[in-house]
Amino acid sequence: MEIIPIILIVMVCMALLLGYPVAFTLAGTSILFALLGASLDFFDPNLFKTIPMRIFGIMNNQTLLAVPLFVFMGVVLERSGIAAKMLKDMALVFKNTNSGLSISIIIVGALLAASTGIVGATVVTMGLMSLPAMLKQGYSKEFSSGLVAATGTLGQIIPPSIALVLLGDVMSNAYQRAQNNMGIFSQETVSVGDLFVGAIVPGILIVVGYLIYAIFINRNKQFAPLEGIEGEPNILKTLLPPATLIFVVLGSIIAGIATPTEAAGVGAFGALIITSLNGSFNLDLLRETSYKAATVTTMIFCILIGASIFSLIFRGVGGDLLVDQIFEMMPGGKYTALLFVLLAIFLFGFILDFIEICYVIIPLVAPPLLMMGFDPVWLGILMAINLQTSFLTPPFGFSLFYLRGVADESIKTTDIYKGVVPFIIIQLAVLLAVIIFPAFVL
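This note's numbering numbers the first residue of the sequence shown as 1 and each following residue consecutively.
If you're looking for bench data, these hints aren't it; they were derived computationally from the structure.
If you're wondering where the values come from, they're calculated on a predicted model, not measured in any experiment.
Keep in mind that the hints are not guaranteed to be accurate.
[Said to hold, decoys possible] Label pairs and their computed distance ranges (CB to CB):
#, residue 1, residue 2, range
1, V208, L35, 50 to 58 Å
2, C13, L211, 34 to 42 Å
3, P395, P45, 35 to 43 Å
4, L286, A429, 37 to 45 Å
5, A243, L35, 52 to 60 Å
6, S410, L321, 52 to 60 Å
[Unchecked claim] Here are the simulated PhoX-like pairs of lysine-lysine, each with C-alpha atoms no more than 20 Å apart in a straight line:
#, residue 1, residue 2
7, K292, K88
8, K141, K412
9, K95, K237
10, K221, K141
11, K136, K221
12, K95, K221
13, K412, K136
14, K418, K141
15, K85, K95
16, K136, K95
17, K237, K85
18, K88, K136
For every residue, glycine included, the Cβ atom is placed at its ideal position computed from N, Cα and C.
Let's have the full structure, built from the sequences with the hints guiding it.
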């Protein structure tokens, strides 16, 4: 019986490698496998009756309502031209500093991450604006492409992050299941807001790591003056609106005034106000951003429904028992199990998107780890940092694809791959620091 769940996983992986859409592969392959299992008497067909209720539960999930609102907020700010103004002003501030442009890109990237939370938007925006300027100034192709790709992934870990919203929902369900398995009926909860608070210090550490590396690697180099960047910087006017929006959204969540969903609504409305004050609001912008938000949300929810059906059938054929047995057989105690899971998530990041890992892999491995006594918020942030590296790991790192799409033809794909390696190492170093010092999160 132990081999049946493994066969299901192998079938799903083979279908994914053949190029079928993830959402339909997860649901379709699982249902076909379950029908075969019902005919061979190793799957209870009554479990099919729970599928409509699972889908209904997903569509009624108040936490996940924050996803389209945060996407809308991010796309509005990205399309409004605020990023270009921030980068210009920041470059003026650091124009007399060696590595000034790279420092500006990291700071603006961090602000964009906090105000948009969308990796693709940040990578494309920064790639179009800053990559040509870096090459013209004399930065190496590897460093330039690696910096832009890595800075774009900060939207994964710096709150308010869509990844943290999704991960918060997954960890909440996993924590509830772990407590049920342990017979705890007076249950504690973990929320998206808890993950937002826990991610603040690790996010700052990653940004500081990027800054130190950028300054160190370029310390003895001389760069050409920046062309087309003149005048006096107006930092207050440029940075105050998005910084205020970030403060209101995050502050209301941390203070307990609003839930992440309510704060996301405030953020979406605030983004429209900033765009109006910026003079770039029109009906075409509203139509375009609404369409983009609907498209991204539909993709996420399709994957979520497919993953929910997969997890139901995986448990129906004894997959959760198999995972529990693997953890029990593992030598070296709970920290060996933790390192094994983090390594597995890191390796899955080479071939799977963070949403797929979040909804397929983590629901299987999180409950056993939580039953071992790990804090759910700390564990969630470890997984979030780990998932962030999946955007940078070749060959299928999404950040690499986004950058390849907008980068100059003179930049080879191998330049991008080489350039991201130091930044992956920085992220893994922060991951190790959070493991050793849980107080960074807690």
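Here is what the structure says about each hint:
no.: 1; hint: V208 to L35: 50 to 58 Å; verdict: holds, 53 Å
no.: 2; hint: C13 to L211: 34 to 42 Å; verdict: holds, 39 Å
no.: 3; hint: P395 to P45: 35 to 43 Å; verdict: holds, 40 Å
no.: 4; hint: L286 to A429: 37 to 45 Å; verdict: holds, 42 Å
no.: 5; hint: A243 to L35: 52 to 60 Å; verdict: holds, 54 Å
no.: 6; hint: S410 to L321: 52 to 60 Å; verdict: holds, 54 Å
no.: 7; hint: K292 to K88; verdict: violated, 27 Å
no.: 8; hint: K141 to K412; verdict: holds, 9 Å
no.: 9; hint: K95 to K237; verdict: holds, 19 Å
no.: 10; hint: K221 to K141; verdict: holds, 14 Å
no.: 11; hint: K136 to K221; verdict: holds, 14 Å
no.: 12; hint: K95 to K221; verdict: holds, 15 Å
no.: 13; hint: K412 to K136; verdict: holds, 17 Å
no.: 14; hint: K418 to K141; verdict: holds, 10 Å
no.: 15; hint: K85 to K95; verdict: holds, 15 Å
no.: 16; hint: K136 to K95; verdict: holds, 14 Å
no.: 17; hint: K237 to K85; verdict: holds, 10 Å
no.: 18; hint: K88 to K136; verdict: holds, 15 Å
The earlier numbered hint that this structure contradicts is number 7, and it is the only one.
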